[in-house]
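Now that you have both chains on their own, put them together as the hints suggest.
Just so you know, the sequences run in chain order A and B.
All letters in the first sequence, in the order written, are residues 1 to 782 by the numbering used here.
All letters in the second sequence, in the order written, are residues 783 to 1041 by the numbering used here.
These aren't lab readings, by the way, just hints derived from the structure by calculation.
Honestly, I wouldn't trust all of these hints.
[Unchecked claim] Computed, partial: chain A to chain B, Cβ under 7 Å:
1. Glu-651
2. Thr-652
3. Ile-696
4. Val-704
5. Met-709
6. Asp-710
7. Thr-712
8. Glu-773
[As the list claims (entries may be wrong)] What follows is a list of derived Cβ distance ranges for each label pair:
9. B/Asn-882 - A/Glu-391: 49 to 57 Å
10. A/Ala-17 - B/Val-1001: 48 to 56 Å
11. B/Gln-1039 - A/Glu-699: 35 to 43 Å
This one's a predicted model, so the numbers in the text were calculated from it and none came from an experiment.
Backbone N, C-alpha and C define an ideal beta-carbon position, used for all residues, glycine too.
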Amino acid sequence: MTSETGIGASVKRKEDARFITGAGHYTDDINQPGQLYAVFVRSMYPRAEIRSIDVSSALAMEGVMAAYTGADLAADGIGDLPCGWMVKSKDGSDMIQPPHPPVAVSVVNYVGEPYAMVVAETLQAARDGAEAVTADFNEIPAVVDLASAHGADQIHEAVPGNQCYDWELGDREATDAAFASADHVTSLDIVNNRLIPNAMEPRAAVGMYEAATGNYTLYTTSQNPHLARLVLAAFVNVAAESKLRVIAPDVGGGFGSKIFVYAEETAVIWAAGKLARAIKWRADRSESFLADAHGRDHRTRAELALNADGTFVGLRVKTVANMGAYLSLFASSVPTYLYGTLLAGQYRTPAIYVEVQSVFTNTAPVDAYRGAGRPEATYVVERLVETAARELGKDPADIRRLNFIQPEDFPYETPVALTYDTGDYDASLKKAIELIGYDDFAERKASSEANGKKRGIGFSCYIEACGLAPSQVAISLGAGVGLFESAEVRVDVTGSVSVMTGCHSHGQGHETTFAQIVSDKLGIPFENVDVVHGDTGRSDYGLGTYGSRSLVVGGSAIVKATDKVIAKSRKIAAHMLESTEENVDFEEGTFSVTDSNQSITFPEVAFSAYVPGNYPLDELEPGLSEKAFYDPENFTYPAGAHICEVEVDPETGKVEIVNFVAVDDFGEIINPMIVAGQVHGGLAQGIGQALLEHGIYDESGQLVTGSYMDYTMPRADDMPNFVVDTTVTPCTHNPLGAKGCGEAGAIGSTAAVMNALTDALGVVDVPMPATPETVWRAMEGE
Amino acid sequence: MYRFNYHKPDDMAAAQQMMADAEDGVYLSGGMTLIPTLKARLASPTDVIDLSGLALSGIELADDSLTIGALTLHSEVAAGNEILSLSNLALAIGDAQVRNRGTIGGSIANSDPGADYPAAVVALGATINTTAGAIDADDYFQGLFETALKPGAIVTSVTFPLPGRAAYEKFPNPASRYAVVGVMVAETNGDVRVGVTGAGPCAYRQRNFEQALADNFSVAALDGLEVDYTEFNSDIHASAEYRGHLVGVMARRAVAQII
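Pulled out of the complex, with its shape left as it was, chain B reads as follows (with noise of 0.2 Å):
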């Protein structure tokens, strides 16, 4: 690690404050990526900004929607709620170690490419609330690690609207456990949406996959549909095509979880 000055807010004021102060400002959350970005001095910000403090843990049941503060665990979600898919995604994510340690916030706002929960969020029709403002899901991944999240916003938490159906299906990078492609499919309000996580640079809508789903919710309804991987990621571990091949199989499995 390089020196750095370290704040621990307790309001969300005081936070914003402190990293418009900052010269060279970053948030810590769960700092699984973080803390290690920083150990090894990939990272030299001049102030790290812990949350921590902040009242922003808990999960929340509303009619129609479960709203998730953006400092809750992984393994607090992992633990189960009202939306079963994705409690089964979180207890995908890392191992024990980084589930009692990383949060959904955190998560969302680093959009790290092979991160879980960005395929829950798009899938599902998600809503990231941030001290700046709500943002949809549709909107909010916009790149490699890039995002809609404004300068110095936080986010506070995101609300999943309660789908009808739901599952996540994941194939793990051998290695880093990561998601090499991890698609949820999800039905709600009779609107079907495929999330795709680690596939491309950030979270994506399979829209082919979803029209032929709102067609027909069946797995044969996906077979010889076409996933476009020349923009995905390519690594020693699963080429793009390798990669488009998993976004049908995986695709298919989460439809026959819940057909």
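Chain A with its partners taken away, still in its complex shape (with noise of 0.2 Å):
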């Protein structure tokens, strides 16, 4: 039963209030008596080698503290930002790893990248400062198309080719002996374009250290502050993991972005230690579009055989992936094993090859964004999918049906390593098709076409790998750390409770979400319950927010710490209530005996746990709080049909979208309010890949979409009122059931997009971004 405010329940976020007012906490709102202020100086140039740094002007200066360039980092032995996956090439080698200092050293190789930081007493002398330090360049020419990156000019002496790895997955032969015998092939050239972050709040971080204990504090924009944590001690040098506290307060947006440990966080936290005064930095916007990871940018080519009846026989993919000039830290993985592993879809399609080079290039650093490699692999197979039908003359619902992995067939193995737990693909499509009256849609097109207007209609089935990650499969495929999740419930003598988590909520609504199921749980108050995260000194460890991994891998532990708290009140109220365990039921807040009238409150056990009066102590410690490591067992498929339905203005090229219908399938939902909120964003950040946004280096290296002037982030404006539904088949392996749902909608959607804009202009590709002249362009047959 679903009470108001426990699982299932649409309950109001928590945190709202605070976010809405004005008085959340975020890192920029920390200040620190002493408090000095870093800026760091960046390269204009895409690629130079640096002669010489000078920052005696800048040291002159009134109010400058400190001038540190990449050598002093070095000469106290601060070592370079490592990537955390291990990915190797077809022939068995390691991806090569090129050295990247924190502050450049010798060579700079993206506009924006740091080669010196001032530290003053106010944020204007640092400025100062920084507009002071003079250095000696010498341009080189710059690696920037990713087309004819691999082989150009190499930019990192160890890296022959700027190629870091070939990947591949699949079986070759298999596959090429499909396509030999198959029908028909479908073949598509398609880029995945380069995207931006723009998380709401900038990066920032406020570093502190204290003399007397070598206690060092990092207050940092981080979904994974134990993971900026051991980073920071275990590969960069900054301090002992024990003698580092990183607390990551609220935190306005991080879409993957603030996943990885930067340079700017480094040095703050290592300079503070030098100083021994609080240091803050945080990005202004500009530095935020120069310096954040950016997304995506893969080119491919992507082949689809199929029988004369339009079932799928093989699947062939070739891409090309951008690294940028450094690997930030979980980039060799995002086009490999969040990519090729999710090249199956929804589909039976028994024979699958895909191999990716990642390349480097001279610009910023790319890695996780929002789906993180299933968007790029959805897009690759919706996009093939829906245009083999139109090659073949199906029904693009259709040749789906036709293809899917039907729910007899779950547990399903893929020919790409990932084994499916659940599913019924076929229960999306249909609710997604009555959602968006598929039937009449023709008539829509005629009136569309009535007012001069075309008019398309495009799906998008996709899946995504969820619930990051089983350890020993993420190590054995070259992870750096475990990915369980740790959970600790705390109960108070009085009965309310602390849990502690070491996901992290920057949007997500953690704070509503994980008190929901406890209070259901423990059948208390929801008030009555507070989630802690983001600080290493309050939670054991844990490994953060992203993969849609929170509900589904920290909230199962979760569970299973609620689960030892109630088994421990269970014997401690058996106590009490003079009866035996296994005589004593559970039941909303309530110990009772079985067939009595006999019960107790959790609050009494708990304050019997506290005030040990009553209490068995010879067979049970005092105290009510218990801790658990979860790690999943398999990954969790979250999967579902977008149908979206546009309308182009053929004199413009202006694309409008007129319909869009999500129909997901999360597995059980604890809030379906929060979910539905996370899809809206999902579909907005899909939407605004497809039409709006686009990462832009001109030829010589330098971005040009370096402020919202040029940059199009999607505005509500741009955007339909969305219908989002849900079907739900349970997670067979994590107590909640739960499959995930924050990247979901940034994965579907644009494939759905772009499918319906071909549609209606009747062209086999448009590029994404599908701007007005772009589309008018594609009108015009160019």
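Structure, rendered in structure tokens:
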């Protein structure tokens, strides 16, 4: 039964009151006595050799306390920023990881790369100081174009041909054989455009050092403070893990870009130790554009082999992925294990082979961005499927149904290394078709045409692998960290509860969702449960929030810890009720003896645990606080059907989304309102990729889209009224039956929009983003 | 920002004196361009002279014209007046925050190539009143961020003759919402004028459109007319050629509104 605040209830988010009244506590709101300000001096060159850097003028300026170069950090033993996922090439060799000093030492490789840091008493003085730093550069022609980067002028001494790795997955021979005997082959050349994440809150850091204890504290905009601590301690050598506390307070959006450990927080915490003063840095929006890790940026040749009846027999994909100038923390995994493994989609394609070459260019590093690899995979598969349907004269829904993995096929082992546990893909498609009124589309199209508009419809039936991740699977594939999650459920004397999680909420609403789970299970008021996250000093360990993992992995850890609390409470209750554990029932916060009227409430049990007068001290420790670590058995596989209808203005090329339906299967849902919000946000980002957003470097390597004057962030008036709904096949291997919902919108929607647009125009492909001029030119046949 | 001296004069003479005295002064009106420029350290004036203390705000109706004070906010023009097309134009500027700070005088003095007001100034044949005399619309816009405004002079108001009919159509930049192309078509006392903003370095009149419409005020009159786009702006959002195409589309849509 669903209570008003329990599992399944659309509880309003606890955290929103402080966010929408300006009472949130973000990193830039943190101020310390005697705080200094850091400003980074950034390369204006896409690629240059640093001959010399002169900080003497900066140091002479009023208020400037210090000016550091990369050489200063290196001399102090500060290590390179690492990549945490080892990908191996086809020939078994390790990927090549070029040196990535946090502050450039001898070369700069992208516009915006920091090569010096100035620390001053005021922000103004730090800025003035940064402008006074002079450097002598020898500019070198940059490698910018992804298509020609492989084999172009070598950027890193250690990386021949600029190739990081040449990876493959699947059975090449079987796939080639399938193509050789197929009746039809559909081919597409696809570009997945570069995106710039644009979290509402720019990155920031406040570093502190206490000389008396040698303790460091770093406030930073991180999606995973424990991981930041691990990297800063183990790889960068800032301080011992036990001496470094990392706190990610309220964080205003991440979308992946705040997973990674960057130059700035590294330099800030190091310099705080050098100067024994608190130091604050906060990115300007311009710095965010230049120096946050970007997303996507693939070029792909994709082929689908079919029988004449539309049955898929083989899929062959060759992708070149842009890593940017250096390997960011998880960059290597995104176009491989988060991409190639998803190419089966929702279909029984028997033979799949994918090769991915990741290459370096003189652009900002590219890493995970909402969906991370899975939007790219979905785009490849769903554009191919829709195109194949058109080429064979099949209905796009029918061709999908013909090839769907059927409910009785689960667990289903794909040819690309995943085992899907459950799903009902046609259920989602059927519901989406009903909601959009597919049967009446022809009438709407005719009506649009009567108004001088072109109308099209497009489908996208996506799948994602979420709930990152089963640790041993991930580690066997190259991950440098486990991907379990921890939780602690700490019951207070009075029965209120604090829940410590290693996940991090930066917009996801964990304070609400996790409280719903615990209050529901313990039968205590929702208001009595506080969720604590984002502080290595308060929760034991954690791997953070990304990959739609928080509810699935973190939530499962919380369930496990809560179950331990209930188990211990039952023992205490049995003692207090003079019964036995077996005879004590627990329901809605009350322990009662079976078939009797004797009962005791959860808060009474909690009180007894801390004031153990009537308590079995010979058998049980006092106190009521339990910890759990949860390592998932498998990934989860959210899936769904998105259908989009667009209208195109043939005179201007402007595209309007006139209908959008998303039906998703996220398994069991804790808070439908939060889920709908997550879907809405994801859809805006997926639609943004299709129609609006594009990170563009010019030929010389300068970032053209370095502000909101040129980078088209989606706005509310660019979006239609979404129709979102769900179907449910519960996940089979976690206690909540949940699959995760954070990325689905961004994964499924892009292909639906572009399938609708190409349908409207009657063309095979339009490059993304489909800006008005791009569409106008497509209509002109260019 | 860099350091600068801030002044807030309360009369026109003082403002101009402060400008004369400044080594490198700049007037601040709504600040919708100047403030972001200063914040990004892209400008380093020695003195910023804030005009907001001057009595230059308000909309005044005469028999055959509307005079809008230079400090009148976009939102105030958008709120409605005798020239509906001008209200509609103001309502299409930026967003609510910009409309509540930005001023007509600031927009016209700055002459951003993507600003909306210049199309109306040109199409309605407005007069720009300044502390150094009145300037005819046709003489005012001279190039990219260049106007006939004399050094140190201040725009005090803009006088728009009341048109018989007029309409503005804008194709906004999807990122900035400035005009990629904005076209105002107006007929005032039998005189047809077509003002174009966004397309070129500054607002201008599309004379071949004007002639065609003077002969036959209809959408069809514009069919097939050439737009010379060789000097047009070109960027990642719109090539010069596409802008040239849009001038025709926006002009036809503006005409369609008022026939």
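Any CB of chain B closer than 7 Å to the CB of A/Glu-651? Holds: closest Cβ of chain B sits about 5 Å from A/Glu-651, inside 7 Å.
Minimum beta-carbon distance criterion (7 Å), A/Ile-696 to chain B: A/Ile-696 check passes; min Cβ-Cβ to chain B is 6 Å, inside 7 Å.
For the hint on A/Asp-710, just tell me whether its beta-carbon gets within less than 7 Å of chain B. At 5 Å from the nearest chain B Cβ, A/Asp-710 passes the 7 Å test, so the hint holds.
Using 7 Å as the Cβ threshold, decide whether A/Val-704 counts as touching chain B. With a closest approach of 6 Å, the A/Val-704 hint holds.
Hold the hint about A/Glu-773 up to the distance rule: shortest CB distance to chain B must be less than 7 Å. holds (5 Å)
Interface hint compliance - A/Thr-712 to chain B, C-beta minimum distance less than 7 Å: holds (4 Å)
Can you let me know if the beta-carbon spacing of B/Asn-882 and A/Glu-391 is within 49 to 57 Å? Once the Cβ atoms are compared, 53 Å apart, the range 49 to 57 Å for A/Glu-391 and B/Asn-882 holds.
For the range 35 to 43 Å, tell me whether the beta carbons of B/Gln-1039 and A/Glu-699 fit it or not. holds (42 Å)
Against chain B, with CB atoms and a cut of 7 Å, does the hint on A/Thr-652 hold up? Holds. Min distance 6 Å.
Restraint check, 7 Å cut-off on beta carbons, for A/Met-709 near chain B: Interface hint status for A/Met-709: holds (5 Å vs cutoff 7 Å).
Does the beta carbon distance between A/Ala-17 and B/Val-1001 stay inside 48 to 56 Å, or does it fall outside? For A/Ala-17 and B/Val-1001 the Cβ distance comes to about 53 Å; the hint holds.
The structure fails none of the hints (numbered hints given earlier).
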